[in-house]
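Engineer: These protein sequence lines are chains A and B, in that order.
Heads up, the first sequence stops at 326 in my numbering, and the numbers go up one at a time, no gaps.
Heads up, the second sequence stops at 282 in my numbering, and the numbers go up one at a time, no gaps.
Straight line, CA to CA, 30 Å or less: simulated DSBU-like cross-link-like pairs of lysine-lysine:
hint : chain 1 : residue 1 : chain 2 : residue 2
1    : B       : Lys277    : A       : Lys86
2    : B       : Lys117    : A       : Lys130
3    : A       : Lys154    : B       : Lys279
4    : B       : Lys129    : B       : Lys45
5    : B       : Lys45     : A       : Lys130
6    : A       : Lys142    : B       : Lys49
7    : A       : Lys251    : A       : Lys323
8    : A       : Lys154    : B       : Lys113
9    : A       : Lys79     : B       : Lys277
10   : B       : Lys117    : B       : Lys202
11   : B       : Lys113    : B       : Lys277
12   : A       : Lys147    : B       : Lys49
13   : A       : Lys130    : B       : Lys129
14   : A       : Lys145    : B       : Lys129
15   : A       : Lys154    : B       : Lys45
Chain B residues, not near chain A, derived (Cβ > 12 Å throughout):
hint : residue
16   : Ser62
17   : Tyr256
18   : Val260
Keep in mind that the hints were calculated from the coordinates and are not lab data.
Beta carbons are placed, not taken as given, at the ideal position from N, Cα and C, and that holds for glycine.
Take a look at the letters that make up each chain.
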Amino acid sequence: METLLEVKNLSKSYGNNLAVNNLSFDVYTGEILGLLGPNGAGKSTTITILSGLLSYNSGEIYFLGKDVRKNSKQVKANLGIVPQDIAFYEEISAYQNVKFFASLYGLTGNTLEERVKEALEFVGLEERKNEKPKTYSGGMKRRLNIACAIAHHPKLLILDEPTVGIDPQSRNRILDAIQTLRNQGTTVIYTTHYMEEIEQIADRVVIMDKGQKIAEGTIEELLEDYNNINLYCITLEKPIEDFLYLYDIPGVRQITTDKVKKRIKIETDKKADNLNKILSKLLEKGNQIQDMTTEKGNLEMVFLDLTGKKLRD
Amino acid sequence: MRVLIKQDIKNLFSNPVTILFCSIYPLALTLLFGFLFSSQYGEMVSSYDFYGIAMMYYIVLAASTITPITFMEKRLQKGNERIAYAPVSKVQIYGSKLLATYLFTAGFFILDILVLQGIHLVSFGSGVYFWLVLLLYLVLLFFTISFGGAICTIIQNQDLTNKIIGAVLNTLAIFSGIFFPISNLGTWADSISNAIPLKWLLNTIFQIIYDQSIQGYLGIVVITMLLGGICVGIIHKKYKVIS
Ligand SMILES: Nc1ncnc2c1ncn2[C@@H]1O[C@H](COP(=O)(O)OP(=O)(O)O)[C@@H](O)[C@H]1O
Ligand SMILES: [Mg+2]
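With the sequences and hints as input, model every part of the structure.
Structural biologist: This is the structure we're talking about:
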């Protein structure tokens with residue numbers, strides 16, 4: 014595996030606030046690396062530093078083995094950035110936007126025209142390319158934001174929460190497009206606070222919290238500890254006051270409830286095969302069960318276990 | 040760089056206020072003030088002559104509010120940020136914005152002057168003196184464009200910058216008697232007016248036109264260019280693409 018990008022001990026503070034704290038990770042050529050973390054984890058700060066727009070306090074970044082500080086132009090020429098906030102001109106057509114930004118990478122003439130067309134088709138905006146983006150829906154703006162970053166065929170595409178606030182259809186379209194790009198050889202860093210998206214498309218994951226890396230690996234690796242766990246989510250008719258007796262059942266590891274205490278989550282060993290016991294105990298104590306689902310291990314649980322809090326509130 | 044300049048000029052053309060400001064506004068000011076004060080001027084130098092020259096002078100100074108728009112108008116901010124992802128240098132980014140602003144304003148102002156001169160409403164001098172006056176306006180414009188850029192990169196806020204520049208400029212312009220003869224108010228007003236440097240440069244222009252005197256011309260050009268250069272230096276130090 015070739016290492017495309019190497020981030021070593023990166024730190025960045027805003028005043029007293031350490032937004033990125035001694036962060037290290039590698040990105041391998043041809044992979045989608047998911048950067049997962051709650052709001053404020055330091056994802057965007059990291060991305061802005063990688064894009065060359067923000068200085069940092071300490072650490073090193075290498076792109077194909079070269080120090081990015083000393084080779085800023087060369088590195089930038091190989092990056093495609095999709096920032097968290099939509100970034101293009103609202104008052105010129107989508108086509109003009111993509112063309113202008115692509116031309117900054119030295120594309121001209123027929124190649125330029127072709128690449129612009131290709132990028133717009135790729136995100137599904139070909140038909141409305143002559144309209145000004147200010148008339149676009151949120152999802153279309155997000156897609157144009159991506160088109161502006163890919164027309165020049167970057168080696169590394171970095172996306173910062175590209176699906177925030179859009180409909181599921183546009184979201185799926187974007188996720189599909191990113192996978193297609195990966196399959197065509199583009200390396201991708203995909204930043205989000207939605208663990209479902211990471212599970213859907215990432216080859217490897219770096220989980221961040223409070224500026225630090227708290228876990229790294231493939232999804233299988235991260236979920237390894239959860240292969241032996243069942244998570245029962247039980248919805249009750251009335252709030253449950255006492256549930257400590259459930260801990261007496263063999264295999265029960267952890268029990269959490271929501272605020273109104275009508276939904277309880279019970280983490281148990283898969284091998285214990287104790288669902289019957291749990292349910293009968295609950296009924297025996299006079300609870301009425303409304304609904305029950307079984308969850309498999311997911312990144313949300315990994316995050317919860319590592320930090321004691323949820324990815325999203 | 041050419042692509043950048045072209046885009047920045049397009050952006051300027053997408054703002055109707057800016058276009059009106061540079062095209063019609065100086066002409067309208069000339070007509071308005073020329074008409075209002077026509078009785079106070081004689082045959083040789085009409086009120087239109089005076090106000091044409093004074094208003095072009097005023098508008099060249101006021102052009103310092105255009106650079107903050109090119110640099111950091113909200114509408115353009117996000118697009119401008121994306122430019123910085125590309126392999127272009129900071130110098131290219133602010134340089135193209137300065138140049139675009141200059142070309143845009145200079146284009147309109149030259150047109151304004153040619154129209155006023157062409158319809159014989161205002162005389163900006165004859166023969167070589169016309170060109171010297173035009174050149175002086177353009178040199179001054181270089182300074183005001185850079186000055187506006189320097190102030191807004193220091194303040195980092197377009198609205199605030201333009202409010203400050205506008206307030207200071209208009210106060211100075213009024214007290215230096217650009218809009219109406221302030222000496223009517225008494226000798227104190229006259230001495231204030233003469234103390235304000237705005238007046239000196241305007242007087243130089245009048246001297247070129249009416250006395251055909253180019254005394255100090257070169258000095259003024261060099262100093263103005265130098266001051267403009269210092270402003271560009273400030274921009275180079277302070278310019279940030281992301282806010
Ligand atoms: N421009 C800034 N000035 C000061 N603090 C900032 C700035 N940008 C981000 N921060 C702070 O840095 C931390 C990380 O923010 P950010 O990188 O945006 O996180 P994320 O993208 O993961 O939500 C937060 O505490 C945030 O408040
Ligand atoms: Mg963010």
